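Heads up: the sequence lines are chains A and B, in that order.
Letter by letter, the first sequence follows residues 1 to 338 in our numbering.
Letter by letter, the second sequence follows residues 339 to 596 in our numbering.
The following label-pair restraints were derived from C-beta to C-beta distances:
| id | chain 1 | residue 1 | chain 2 | residue 2 | range |
| --- | --- | --- | --- | --- | --- |
| 1 | A | Trp-195 | B | Glu-447 | 36 to 42 Å |
| 2 | B | Asp-508 | A | Phe-137 | 47 to 53 Å |
| 3 | B | Glu-447 | A | Val-59 | 49 to 55 Å |
FYI, nobody ran anything at the bench for these hints, they're computed from the structure.
Given the structure is predicted, the values throughout are model-derived calculations rather than measurements.
All C-beta atoms, glycine included, are put in the ideal place defined by N, C-alpha and C.
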Amino acid sequence: MKASRKHKVSALRIGTIWLLLAILLVVLSLVAINVGSAGYSVREIVDAVFSAEKSTVKVVVMNLRLPRLILALLIGASLSSSGAILQSVMRNPLADPGTIGVSAGAGTAATTILLLFPHMTNAVPLFAFAGAALACFLIYTMAWKGGVDPTRIILSGVAINSVLGAYNALLQMLHSDSLEGVLAFMNGSLSGRSWSHVRVLVIYAGAGLLLSFLCIKSANTLQLGDEMAKSLGVNVSVTRVLLSAVSAFLAAATVSVAGMIGFVGLVVPHISRILVGSDYKQMLPTSMLLGSVVLLAADTLGRTIVPGMEIPVGIVMSVTGGPFFLYLLRKRGKMRGN
Amino acid sequence: MEIRGEQLKIGYGDFTVINNMDITVQAGRITSIIGPNGSGKSTVLKALTRLLAYKSGAVYVDGRDLRDFSSKELARNIGVLPQIHSAPPDFQVRELVGYGRMPYQKWYERNDAEDDRIIDWAMRSTGVWELREKSIHECSGGESQRVWIATVLTQQPEILFLDEPTTYLDIAHQLEMMQLIRRLNRENGIGVVMVLHDLSQALEVSDWIVVIKDGEKYAEGAPEDVITPKMMKEVYDVDCSIIRVPGRGKPLIAYHEI
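Here chain B stands alone, though its shape is the one from the complex (with noise of 0.2 Å):
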């Protein structure tokens, strides 16, 4: 699957955040789209999923209009985990992951043993599901970030949109989201469009990375290509090096000291 923006143009109001801004994501890698503060990574990734109306332009989802497809079988293609999202803290975890079958079900439809599998699995493979029981309330900020991102990976997307699942984690926790995003894409073969702030865990996680300054798409890649010194100084305006350390696949990077 791809999914292709031309020429879009995207904002709230009269506000225009993206101007004209060509960008594609595929099935298959992890993609991460980075970019200041403000740049605009989030509404990209908003219209690319239809949270969002652009004002011009077009996206293609394998070619056809994203505009023709009825609400669910879009969320049957692609699940998007919005960067707030709330449960009413008493709801179980296995009950909300269970609306991720929602795009699959008529209004009158429960959930069937198909549905009961699929639920399953998506637990077992974010390793939630020994918290199945319990209620979002009693699950750790890591826990329930696992939770939603379970709930969205039942509704079997090909390509999975993630408005920084980081934010708010500890650092073990990041981590851990980390390769769980990793694993969900090498094992299972499912699409990751991520929007993140940490730049070294883009580096390390990424097949491809989209960087965004003042909404425009200032250079896209795989990692190693494009987060170099030039790009830290012209995008963020921050001064470092590259470094590769000896033992390490991918290279670090060093923010000159404070």
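The shape of chain A in the complex, shown without the other chains (with noise of 0.2 Å):
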């Protein structure tokens, strides 16, 4: 793997890690409360929200900031610990929950429904969630002979991800005038999402994230090398299928309450790596707090940086997170002496 370690990360360098990212978290989140189109002092949010009244500040605070928050930081850490567990199975690192179809299957199924069955609207979550799903188990289905090995994996994914787009495409192309809704979606944004869909990605994002702590020594004997894990009685193929199963339905539940985000599944846990190394038992959880972080200054700073606007989470993932991606890839190189 790239993220080689001229020595052992000391234990301490990663509580140091953590402590970091979990103040960054702290600080974050109440940045993000306070902050937003409607410009509340503190001393206003902290009145509003302790007082007994309802007023507007607290309703904005407690029902818009709020779940807005908790969505962010379930989604970054679920999306990254889905694209982490991924690149073990593949034992590539540019897997990420793309690659299994999950973005292609759900948004093909939340296309067809905005577009064709427009009186659905309210179930595109749960279509979108079964789209991923089903996307996941065709490429699986077409890549199994005997067993599942990554390229096989990540070639169906290909093929099967560019019948879907083809198609999404070519509803989208049919019904150019009506495409706010796919947009929204393609884009994956925060906006307008409430405590009940809060109440919905907890239990999943929850029941995904506690799975994914299962995965982890799975997932460290996977980046030994087929055989050797093999011969350390890992029964290698039934452990992919379990991992990407992990992987895909975190994503799936991200994909379903805030449409497809890119980028933070498949960077993150490389940063992680960067920052703790490649063993799982410290990669993994340090994915999740930074994930987290990641999404949740994506969107804040999404819903601040133009007055009266507000510009997709996805979007501005992918246009920060790219070059500071490249800067830490070059960063590297020269610390490496290459």
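Build the complex from these two chains, which are given one at a time in their own frames, with help from the hints.
Written out as structure tokens, the structure reads:
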């Protein structure tokens, strides 16, 4: 793997990184609660939240900003965890939930509902989840040949993603006048999400995140290579499928609530690897924390940078994250003297 | 323990490497599988250890069908070091060696005191104890190969299968590896089955040698009975003499001048 480190990352260093991320998370959360299109002072917010009467300030903070904050944290952690697990399944640093069809499947389902059955718009999350699961299942079925190997999963993913992508494009062309909903879905946004979304995601993401902690040992052994893992008594194909299922579940849960948010699942695990090394015992929790930080920062930025307008978190993510990641790659290259 | 392959037909896809082979390996001794490139040495090793499914025939471990073993049960009986293995370079040596305990653990279990004791024993037996705090990245080629041996040793196997354990090592580390393998066998009674390219080393450390040529077993037996000028000519198309040097227990292979 690329994340080579000169020295073993000490427990102290990992502790420090986790502490810093946690502090960052708290600070960002306070900022996210505090800023927004309706400008309230800290004093006003504190007074309103802790008073018994129902003021506008309290409604905005408690019913708009707080649920959105919680969603950002959960989605960031889920997508990062999903990507991290998938990268061990594929033994490929380029794997992300899109690789196993989660995005394309959810996109296909959502586009179909939004454009062909607009009266069922309320059920989009449900269909998006089902679509994601179905596409993932299809890709693994196609890739199965006495077992799954990463190359076949990736290739069959490419094929199925392209078919679904073509279908989506065609559908959008035929309905080019009513694309607003589709675009919002495709560019992942947390705008207008409420407690009902939080309630759904807490259950799904909570379960998924707990499950991903159970994947740590398997993810580590897959990093040793298929033959080595097999000779250690690991059933490699079954492990791959189980880990992929956890990963797809997490990604699908976020897609159904917030639409497609790219980049987090791909890049956050990388940055975590740079920070704490490739042992999933440290890397996975770091990814979750960092994912929350990154998504919350992006969402807060997106809803405040242009007054009176919201930039979807998915777009902010890609625009800011891409260059930052390139910077990291180059900087690391220099450190290792190449 | 005895692992017996009967009428094995092995290959990849439509391509058959081994057509019909009977082969038996035993615990307690060092068996080397030798043969030219592409003769099917590694393929046989993989079939005997279930890393590769055979097309027909059967493999029995002490009379029990290899396919009846669960993955973990098999891993408690045999340890395999494949030719290609890699760990993320920042993995700690002790951590990696610890993975050898996985066959003894349920998925939720962690290493207990007994596991730790065995991990320590394996690290000491392979001389990597001093490296335990280092990362794989910091180990030399010879050191990291010993770390991998320690990992499979931690499985407490009766037979250790090694696929070309000395490839990519310089001569000092090759000899060191051979000494280690022989010590593990003599002192701990661990059976070793290895694919080797270096015939001098095979001649020196093996108790038993199996020669494979074009997917067929050409010969097997004690090293000095098998490694002969005739075999070298017929299998490798190489001319040589087997010479004895006073004061040296095993003979040497003297290749004819180039």
